[in-house]
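Q: Spelled out, the chains give:
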Amino acid sequence: MRKYEGLPREIIALRVSKEIEDNSYVNLGIGIPTLVSNWLEGRDVILQSEIGMLKTGSLAEGDAADQDLINASCQPVTEVEGSVYFDICESFAMIRGGHIDVTVMGAFQVNEAGDFASWMNPSRGLNGVGNIGGSMDLASGARKLFIAMEHTTREGTPKLVRELTYPATARKKVHKIFTDLAVLEVVPEGILLRELYPGLRIEDIQSVTEPKLLVAPDLKEIEL
Amino acid sequence: MRKYEGLPREIIALRVSKEIEDNSYVNLGIGIPTLVSNWLEGRDVILQSEIGMLKTGSLAEGDAADQDLINASCQPVTEVEGSVYFDICESFAMIRGGHIDVTVMGAFQVNEAGDFASWMNPSRGLNGVGNIGGSMDLASGARKLFIAMEHTTREGTPKLVRELTYPATARKKVHKIFTDLAVLEVVPEGILLRELYPGLRIEDIQSVTEPKLLVAPDLKEIEL
Amino acid sequence: MNKVVKDMREALSGLDYGATVAVGGFFAAGVPRLLLRALIEKEVKGLTLACGSGPLLGAKDELDALVENGQIRKIIDSYGLFRSASRGARHPLEQKVRSGEIEFEVYPMGTLSEKYRMAGAGIPASYIPVGIGSMVEQSVITNIEGKRKEREIRTIDGRTCVLEYALKPDFALVHAYSGDSEGNLRYRKTARNFNHVMAMAARVTVAEVENLAASGDLEPDSVHTPGIFVHRVIPVPRIAFEITNV
Amino acid sequence: MNKVVKDMREALSGLDYGATVAVGGFFAAGVPRLLLRALIEKEVKGLTLACGSGPLLGAKDELDALVENGQIRKIIDSYGLFRSASRGARHPLEQKVRSGEIEFEVYPMGTLSEKYRMAGAGIPASYIPVGIGSMVEQSVITNIEGKRKEREIRTIDGRTCVLEYALKPDFALVHAYSGDSEGNLRYRKTARNFNHVMAMAARVTVAEVENLAASGDLEPDSVHTPGIFVHRVIPVPRIAFEITNV
Numbered sequence: 001m002r003k004y005e006g007l008p009r010e011i012i013a014l015r016v017s018k019e020i021e022d023n024s025y026v027n028l029g030i031g032i033p034t035l036v037s038n039w040l041e042g043r044d045v046i047l048q049s050e051i052g053m054l055k056t057g058s059l060a061e062g063d064a065a066d067q068d069l070i071n072a073s074c075q076p077v078t079e080v081e082g083s084v085y086f087d088i089c090e091s092f093a094m095i096r097g098g099h100i101d102v103t104v105m106g107a108f109q110v111n112e113a114g115d116f117a118s119w120m121n122p123s124r125g126l127n128g129v130g131n132i133g134g135s136m137d138l139a140s141g142a143r144k145l146f147i148a149m150e151h152t153t154r155e156g157t158p159k160l161v162r163e164l165t166y167p168a169t170a171r172k173k174v175h176k177i178f179t180d181l182a183v184l185e186v187v188p189e190g191i192l193l194r195e196l197y198p199g200l201r202i203e204d205i206q207s208v209t210e211p212k213l214l215v216a217p218d219l220k221e222i223e224l
Numbered sequence: 225m226r227k228y229e230g231l232p233r234e235i236i237a238l239r240v241s242k243e244i245e246d247n248s249y250v251n252l253g254i255g256i257p258t259l260v261s262n263w264l265e266g267r268d269v270i271l272q273s274e275i276g277m278l279k280t281g282s283l284a285e286g287d288a289a290d291q292d293l294i295n296a297s298c299q300p301v302t303e304v305e306g307s308v309y310f311d312i313c314e315s316f317a318m319i320r321g322g323h324i325d326v327t328v329m330g331a332f333q334v335n336e337a338g339d340f341a342s343w344m345n346p347s348r349g350l351n352g353v354g355n356i357g358g359s360m361d362l363a364s365g366a367r368k369l370f371i372a373m374e375h376t377t378r379e380g381t382p383k384l385v386r387e388l389t390y391p392a393t394a395r396k397k398v399h400k401i402f403t404d405l406a407v408l409e410v411v412p413e414g415i416l417l418r419e420l421y422p423g424l425r426i427e428d429i430q431s432v433t434e435p436k437l438l439v440a441p442d443l444k445e446i447e448l
Numbered sequence: 449m450n451k452v453v454k455d456m457r458e459a460l461s462g463l464d465y466g467a468t469v470a471v472g473g474f475f476a477a478g479v480p481r482l483l484l485r486a487l488i489e490k491e492v493k494g495l496t497l498a499c500g501s502g503p504l505l506g507a508k509d510e511l512d513a514l515v516e517n518g519q520i521r522k523i524i525d526s527y528g529l530f531r532s533a534s535r536g537a538r539h540p541l542e543q544k545v546r547s548g549e550i551e552f553e554v555y556p557m558g559t560l561s562e563k564y565r566m567a568g569a570g571i572p573a574s575y576i577p578v579g580i581g582s583m584v585e586q587s588v589i590t591n592i593e594g595k596r597k598e599r600e601i602r603t604i605d606g607r608t609c610v611l612e613y614a615l616k617p618d619f620a621l622v623h624a625y626s627g628d629s630e631g632n633l634r635y636r637k638t639a640r641n642f643n644h645v646m647a648m649a650a651r652v653t654v655a656e657v658e659n660l661a662a663s664g665d666l667e668p669d670s671v672h673t674p675g676i677f678v679h680r681v682i683p684v685p686r687i688a689f690e691i692t693n694v
Numbered sequence: 695m696n697k698v699v700k701d702m703r704e705a706l707s708g709l710d711y712g713a714t715v716a717v718g719g720f721f722a723a724g725v726p727r728l729l730l731r732a733l734i735e736k737e738v739k740g741l742t743l744a745c746g747s748g749p750l751l752g753a754k755d756e757l758d759a760l761v762e763n764g765q766i767r768k769i770i771d772s773y774g775l776f777r778s779a780s781r782g783a784r785h786p787l788e789q790k791v792r793s794g795e796i797e798f799e800v801y802p803m804g805t806l807s808e809k810y811r812m813a814g815a816g817i818p819a820s821y822i823p824v825g826i827g828s829m830v831e832q833s834v835i836t837n838i839e840g841k842r843k844e845r846e847i848r849t850i851d852g853r854t855c856v857l858e859y860a861l862k863p864d865f866a867l868v869h870a871y872s873g874d875s876e877g878n879l880r881y882r883k884t885a886r887n888f889n890h891v892m893a894m895a896a897r898v899t900v901a902e903v904e905n906l907a908a909s910g911d912l913e914p915d916s917v918h919t920p921g922i923f924v925h926r927v928i929p930v931p932r933i934a935f936e937i938t939n940v
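Protein chains in written order, with my numbering: chain A, 1 to 224; chain U, 225 to 448; chain Y, 449 to 694; chain R, 695 to 940.
No lab work stands behind these hints: they were computed from the structure. Treat the hints with care, since some could be wrong.
In silico lysine-lysine, DSS-like type, Cα no more than 27 Å apart, as pairs [claimed, not checked]:
| id | chain 1 | residue 1 | chain 2 | residue 2 |
| --- | --- | --- | --- | --- |
| 1 | Y | K595 | Y | K493 |
| 2 | Y | K451 | U | K396 |
| 3 | A | K144 | Y | K616 |
| 4 | A | K172 | R | K843 |
| 5 | R | K790 | R | K843 |
| 6 | R | K843 | R | K862 |
| 7 | Y | K595 | Y | K451 |
| 8 | U | K368 | R | K736 |
| 9 | U | K396 | R | K736 |
| 10 | Y | K616 | Y | K522 |
| 11 | R | K736 | R | K790 |
| 12 | Y | K616 | Y | K508 |
| 13 | Y | K508 | Y | K490 |
| 14 | A | K144 | Y | K451 |
| 15 | Y | K451 | A | K18 |
| 16 | Y | K490 | Y | K522 |
| 17 | Y | K451 | A | K172 |
| 18 | U | K242 | U | K396 |
| 19 | U | K368 | R | K790 |
| 20 | R | K697 | U | K242 |
Being a predicted model, the structure only gives us computed values, none of them experimental.
With the hints as constraints, model all of the structure from the sequences given.
A: Listed below in structure tokens is the structure:
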């Protein structure tokens with residue numbers, strides 16, 4: 001399969017950040033989603049970390065690291081003015097209870113229905129177990145769920161698929177998908193291509209995407 | 225019906241206090257139970273108040289009253305060394321979750337099975353509603369449930385009955401009953417008379433009690 | 449995020465006819481008295497007041513006004529009637545409960561606190577082992593016969609339980625001792641009670657705050673209600689009130 | 695009430711073969727490392743370690759010892775396997791999970807936190823709308839085929855839910871930053887995580903406490919875990935540890 005050169009991970013994160021409105025509470029998952037925080041500094045957006053923190057600051061470097069202060073990916077982070085800590089049940093009350101405005105997660109696969117898979121790679125051969133973490137809770141409670149991921153695997157296999165071949169995290173939950181090649185929206189009729197990487201054509205995106213894409217009438221280049 | 229002179233309310237409370245072991249967490253209901261606290265000073269017993277307080281102190285008099293500090297009966301109380309406040313769900317987690325060692329409540333009626341009625345007086349004619357408060361939660365979660373009450377109504381009607389005529393608070397939950405005339409225990413076979421007011425005979429107690437009493441082999445006068 | 453509103457009008461904007469409004473407080477402690485007064489002034493009617501343990505008995509002037517103005521359609525509470533029968537009989541609230549003009553729905557206090565928590569935490573229903581053997585087991589307890597919905601009972605792990613559902617208010621009115629502009633709140637002593645869980649539960653939570661702190665002035669490990677649960681903050685003076693018998 | 699025990703032996707007394715032991719912490723933060731070391735020294739076997747989110751990945755030396763000593767029969771967690779496949783494959787834990795020598799049961803993190811809370815709050819079961827459309831809906835997720843109990847599904851108010859049950863550990867081992875002799879605890883920053891809810895849940899809760907305060911030294915409005923949930927307190931030094939990738 002052909003593999004296209006697209007946005008670097010940091011720039012996918014930048015594109016996601018532009019989709020987040022001011023005055024939002026946001027939870028960022030592991031991977032590309034974590035990078036979104038770099039683009040939110042100075043914005044009136046509050047990051048929730050499921051370990052039990054509101055207003056999670058940037059990553060802590062060197063001596064700034066505090067062994068009692070990490071994010072949900074086990075990285076030392078910093079406190080900012082107005083940070084608050086709380087216990088895990090309160091944290092998941094926020095998540096499950098629909099108090100988070102935007103959740104950004106990574107995924108192995110997303111399908112046309114807005115189902116996605118992120119929690120288990122069956123090829124690891126662990127007899128049906130894996131790390132769920134907070135992924136299913138976050139997906140279930142999200143008001144808006146964005147997926148930020150590479151458009152294909154390293155080998156060029158599409159991650160936007162007709163049927164999930166990895167175990168699902170949740171069904172019919174994904175609103176928008178941000179990849180290195182495109183910005184897409186899950187609509188009742190399927191996946192709508194809204195923006196694409198400069199220089200690529202619709203056919204190029206389609207060639208690395210399993211389901212037949214719908215195309216927005218106002219299709220444009222990815223806006224940064 | 226004959227009405228016997230027995231212990232004053234304060235002394236019923238004293239008798240109850242002797243049944244509470246050191247190192248206990250205790251919740252005291254409205255009425256005679258509240259008076260038990262007067263006899264627990266200096267004892268290693270911690271009072272829980274369902275409004276959200278551990279180590280509830282004595283009633284606050286005059287200027288010591290703080291409008292943000294009341295017990296579950298809406299009386300101003302005091303804070304002591306080591307008092308702790310918490311929210312209502314935590315409070316009822318303690319209660320329903322079985323973390324309270326002893327609960328002392330008042331009652332309109334108790335029957336042989338250990339059922340009791342305390343939350344509603346149907347003669348008020350309120351179309352089936354009344355004040356439940358925390359009574360059912362407390363009864364459900366109590367490890368030991370003591371009832372402290374007058375042996376009869378003011379008119380001499382027995383409150384220890386064969387069948388409840390008032391709506392039940394809970395069933396099969398009462399362990400011991402402390403009245404002005406006797407100390408009784410609910411056992412699988414019925415109600416066991418353990419202690420009686422000095423000068424009264426078994427027949428006297430029986431004459432103001434509906435169910436046939438069992439009598440403890442070591443029956444004695446109420447121990448104070 | 450600045451959630452401080454400029455006046456009571458803005459604090460209660462959108463709270464309209466027929467709303468279900470959670471009211472914090474446990475008898476006299478922690479009742480949002482100034483928000484209640486604004487509710488009275490607004491003259492909004494058809495209200496369901498979702499209480500925890502008698503905040504209206506603890507704020508009697510406000511209760512009297514709400515009842516007299518005919519603003520209340522329904523009260524949900526665990527302990528919402530006067531303790532004394534004679535006093536109750538004289539009170540307009542009890543008269544309207546008797547006549548069915550006001551619906552009165554009652555739950556065990558801990559069950560009610562969980563109903564709010566379930567709403568806040570996105571849990572539609574739980575099996576709660578409280579009220580078994582009582583009228584709670586048979587139906588929802590209310591003065592309106594037609595509303596006595598049957599309960600679902602089930603024994604789990606040897607404990608017989610009632611299936612209880614989440615109760616999601618449209619608005620919550622809560623009272624806090626201190627709070628910042630982002631809605632982080634702290635309560636004082638037993639005034640905490642139902643305020644935190646109601647803040648979690650409601651679609652729109654309005655907090656009256658005695659001491660408005662700058663963002664960052666509350667100790668991060670000592671906030672009781674994280675600001676995510678609070679939508680509007682209105683600074684109020686500390687007012688004295690009498691703690692009278694309920 | 696003085697709940698301070700004299701040594702680790704007393705702290706873990708009664709924690710015997712086959713016990714279910716909740717272990718506080720979220721990856722590296724708030725793990726009761728010194729209690730885990732005492733558990734290793736005690737050489738007690740057949741343990742079910744009920745975790746929240748990978749405290750054993752965050753305390754790898756202790757994990758290695760527990761696995762090598764054959765002390766673990768089962769792990770319950772939401773995120774208990776190494777993130778990296780290659781690293782996981784090399785680790786004795788994953789090898790024993792693969793072989794079925796250690797049972798591994800996994801839940802969504804928020805569901806697991808509620809399972810502990812239900813145990814602490816005396817709520818036998820709740821309907822939770824998480825995991826629908828995933829393997830969670832079909833059965834309990836475990837590496838042991840025979841243990842994949844079917845789940846009960848029900849739609850309430852338009853939300854499809856899984857019936858989840860309380861999980862009551864015999865012991866909870868928790869880590870607090872400060873605490874007094876009556877077991878009142880405070881945690882520091884994100885080290886709070888699962889420690890509070892596990893303290894609520896267990897039959898016997900043992901807290902290792904970095905700073906032992908006199909009774910009354912903790913501010914009454916700022917205690918995180920009221921002492922009623924804590925049965926034993928053991929003062930420990932603050933130890934430094936590395937936060938490494940999980």
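Q: Indicate, hint by hint, whether the structure satisfies it.
A: Outcome of the hint check:
Taken as a hint, the Y:K595 and Y:K493 pair is honoured in the structure, with Cα atoms around 21 Å apart against an allowance of 27 Å. Note on Y:K451 and U:K396: the hinted pairing is violated, with a Cα-Cα distance of about 51 Å set against a maximum of 27 Å. Of the supplied pair hints, the one linking A:K144 and Y:K616 holds, its CA atoms being roughly 21 Å apart against a limit of 27 Å. Taking the CA atoms of A:K172 and R:K843, the gap is near 26 Å; set against the 27 Å cutoff, the hint holds.
Straight-line distance between C-alpha atoms of R:K790 and R:K843 comes to about 22 Å, which keeps the hinted pair within the 27 Å bound. At most 27 Å may separate the alpha-carbon atoms for a hinted pair to count; R:K843 and R:K862 meet this at roughly 18 Å. Proposed proximity of Y:K595 and Y:K451 is contradicted: the alpha carbons are some 38 Å apart, above 27 Å. Between the alpha carbons of U:K368 and R:K736 the distance comes to roughly 35 Å, so the proposed pair goes past 27 Å and is violated.
Restraint check for U:K396 and R:K736: not satisfied, since their Cα atoms lie roughly 42 Å apart, outside the 27 Å limit. The suggested pairing of Y:K616 with Y:K522 holds, with an alpha-carbon distance near 15 Å, which does not exceed 27 Å. Taken as a hint, the R:K736 and R:K790 pair is honoured in the structure, with Cα atoms around 22 Å apart against an allowance of 27 Å. Between Y:K616 and Y:K508 the CA atoms are separated by roughly 25 Å; this keeps the pair inside 27 Å, and the hint holds.
For the hint linking Y:K508 to Y:K490, the alpha-carbon distance of about 18 Å falls within 27 Å, and the restraint holds. The straight-line distance between the Cα atoms of A:K144 and Y:K451 is roughly 22 Å, inside the 27 Å bound, and the hint therefore holds. Simply put, Y:K451 and A:K18 have alpha-carbon atoms about 23 Å apart, close enough for the 27 Å limit, and the pair holds. This hinted pair checks out: Y:K490 and Y:K522 have alpha carbons roughly 18 Å apart, not beyond 27 Å.
A distance of roughly 33 Å separates the Cα atoms of Y:K451 and A:K172; the hinted pair therefore is violated under the 27 Å criterion. Simply put, U:K242 and U:K396 have alpha-carbon atoms about 23 Å apart, close enough for the 27 Å limit, and the pair holds. The straight-line distance between the Cα atoms of U:K368 and R:K790 is roughly 45 Å, outside the 27 Å bound, and the hint therefore fails. The suggested pairing of R:K697 with U:K242 holds, with an alpha-carbon distance near 23 Å, which does not exceed 27 Å.
The structure fails hints 2, 7, 8, 9, 17, 19 (numbered hints given earlier, in ascending order).
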